[in-house]
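Below are the chains, spelled out letter by letter.
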Amino acid sequence: MFARIVFNIVQVIVVMLFAPLLAGTVSRLKEIVQSKHGPSIFQPYRDIWKLFHKREYISEQSSWIFRFTPIIVFVTPIFVALLIPVLTSYPLFFAFMGDMLGGGFILALGGFFATLAAVDTGNPYGPMGASRTRLVGFLAEPVFMIVFFTVSFVAGSTIPYIVQQRWVNPISNFFEPTHILVMLAFYMLILAEGGRIPVDNPSGHFELAMIDESKALEYSGSAAALMKWGGEMKFFILICIFLNVLVTPWGLARTISVGQLAFAIPLVLAKVFLFVLTLVAVECSLAKLRLFRISEFLGAAFVISVAAMIAWVFAV
Amino acid sequence: MTYSTQSATILTQLNALAGAFFLLSTFGMVATRQVQGCLRFFVLQSLFLASSAVLLGLHPLSWHLIGVGIINFINKPIIIPWLLRRTISEEVYKRREITQALNIPISLLIALGLTISAYYLAAPLLQVGAGLPALVNLPIGVATLLLGAYILTVRREAVPQLLGLLAMENGAFFSSIAIAPELHLFVELVVAFDVLIAVFVIGVLTRAIHENIGTTNVGALATLREESTR
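Chains as they are written, first to last, in the working numbering: chain A, 1 to 316; chain B, 317 to 546.
Be aware that one or more of the hints could be misleading.
[Unchecked claim] In silico contact screen, one side only, chain B against chain A (beta carbon under 10 Å); selected entries:
no.: 1; residue: Gln329
no.: 2; residue: Ala332
no.: 3; residue: Leu333
no.: 4; residue: Ala336
no.: 5; residue: Phe337
no.: 6; residue: Val346
no.: 7; residue: Ala347
no.: 8; residue: Arg349
no.: 9; residue: Ile420
no.: 10; residue: Tyr435
no.: 11; residue: Ala438
no.: 12; residue: Ala439
no.: 13; residue: Leu451
no.: 14; residue: Val452
No lab work stands behind these hints: they were computed from the structure. All C-beta atoms, glycine included, are put in the ideal place defined by N, C-alpha and C.
Put together the whole structure using the sequences plus the hints.
Below you can see the structure in the form of structure tokens.
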């Protein structure tokens, strides 16, 4: 019991510590592929450190939403990290507090407040980015729903710890068409929700073309640091759900022992690194879509997820 | 579980996977905007068709189905693109966007509806007593048949229309390898050549249209004009 609580906290700390490293690795690898020099992979840590030591300015016209949003954006991924399997393949202390839909709602809460805060100050670019994020969000929502429903229907449960055992037990389940299609749809969702390239350009600094970044433009100082860190953690969490629940539930700690937990950390990081390699390949070979083509991208994801559902409902 | 039944389950599983990708590449043909992308998805679709035939031929070992797979593998992914490249000029081939009667998200939704109705259409047929492979192949084949017809209807360009026709043929083939695996190899060869002739004829026709009116946007050819003086 006590060990499970401690392990759960360790899990959260791992997410907090390695999320900026993930962001740094992605941008560094992209710069290498594009023959640039690029900053070190530890640059996000330095950015966050620097921002925490700067003065914070808050517009007098803004309401409490603007002040509370960085905290909400920072805290929601931590709550989700309590619910999902990051390092262990057995449920930890808080695992039954919420299922995958609960996790989805908690993440959506952070996004909701970020959108409100972007509108709050009256900055001309904020509402534009916020409305675009909503556009992407409401197109991604049905895909999320159908992916989660299909996955929980197949596994007979919505708790991620139970779902992850379904795909590898026996191993031929891994090659089920439903599984492959769900994986594909969720990968496209990660690209959309994480603001990666076919949908949004994370390294672009042109305000008119921003989708995800422009929501945090008004923040400064420690609030900006929290927004940045929270966004990186959300991306890390999404990747953890993808890898540990849907794709490769291997390499996780199987028993309650400190050694296995310590060994699981590098294995999970290695899996995330492999994912990052595919992400870099996608980001460097595709161009950003025009705004109204995003509906086609997510429409394709929707079709794939529904095909996964059909493949399960009718073929078995 | 003995070894042979275990390998049979894995083969069925892989066949289902090939079926899923087959359906997915058909969706790709509906969703893509470019002629070349459409052709690539068609090639992928034919590859999955061929692999499904080979997978079905492996377990109750049937050289006949493997032969069908090989014919398809040579015919559709290799000869047909080559033939299209030869008959239809490069300009048409490189043309980027396809004009379409409905926009792509709506097309995708209609495609989904067609797929689900294909499963319902196939359900009474499956109750007659089809084998395990037909459970996967028949509905997907019917769905591809419908989607091919849809592509044929909604695209306004000659080459994608031809590809829609070929997708219909692929769909019919995909279900036939499961429900009628004992069809004579000679028939399959005849069908393969038939398809080639169709591609050739339509290719030449498209080329003639292109030379006469400078476009292959056949959707614009709505009125018949009589030229009495020549």
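Results for each hint:
1. Because the smallest distance between the Cβ of B:Gln329 and any Cβ of chain A comes to about 5 Å, under 10 Å, the interface hint for this residue holds.
2. A cut of 10 Å between beta carbons decides the hint on B:Ala332: the least distance to chain A is about 5 Å, and the hint holds.
3. For the restraint placing B:Leu333 at the interface with chain A, the shortest Cβ-Cβ distance is roughly 5 Å, inside the 10 Å limit, so the hint holds.
4. The beta carbon of B:Ala336 is positioned within 10 Å of a beta carbon in chain A (closest approach about 3 Å), and the interface hint is therefore held.
5. Nearest Cβ of chain A to the Cβ of B:Phe337: about 8 Å, under the 10 Å cut. The hint holds.
6. At a threshold of 10 Å, the smallest CB-CB gap from B:Val346 to chain A is about 9 Å, leaving the interface hint in force.
7. For the restraint placing B:Ala347 at the interface with chain A, the shortest Cβ-Cβ distance is roughly 6 Å, inside the 10 Å limit, so the hint holds.
8. With a cut of 10 Å, the hint placing B:Arg349 at the interface with chain A holds, because the nearest CB-to-CB distance is about 8 Å.
9. At its closest, the beta carbon of B:Ile420 sits 5 Å from a beta carbon of chain A; the interface hint therefore holds under the 10 Å criterion.
10. The criterion of a C-beta within 10 Å of any C-beta in chain A is met by B:Tyr435, whose closest approach is roughly 5 Å, and the hint holds.
11. Taken as an interface hint, B:Ala438 checks out: its beta carbon lies about 9 Å from the nearest beta carbon of chain A, inside 10 Å.
12. Contact between B:Ala439 and chain A, as hinted, is supported at the beta carbon level, the nearest pair being about 8 Å apart and thus within 10 Å.
13. Annotation: interface hint on B:Leu451 holds; nearest CB of chain A at approximately 6 Å, less than 10 Å.
14. The restraint placing B:Val452 at the interface with chain A holds, with a minimum CB-CB distance near 6 Å, inside the 10 Å limit.
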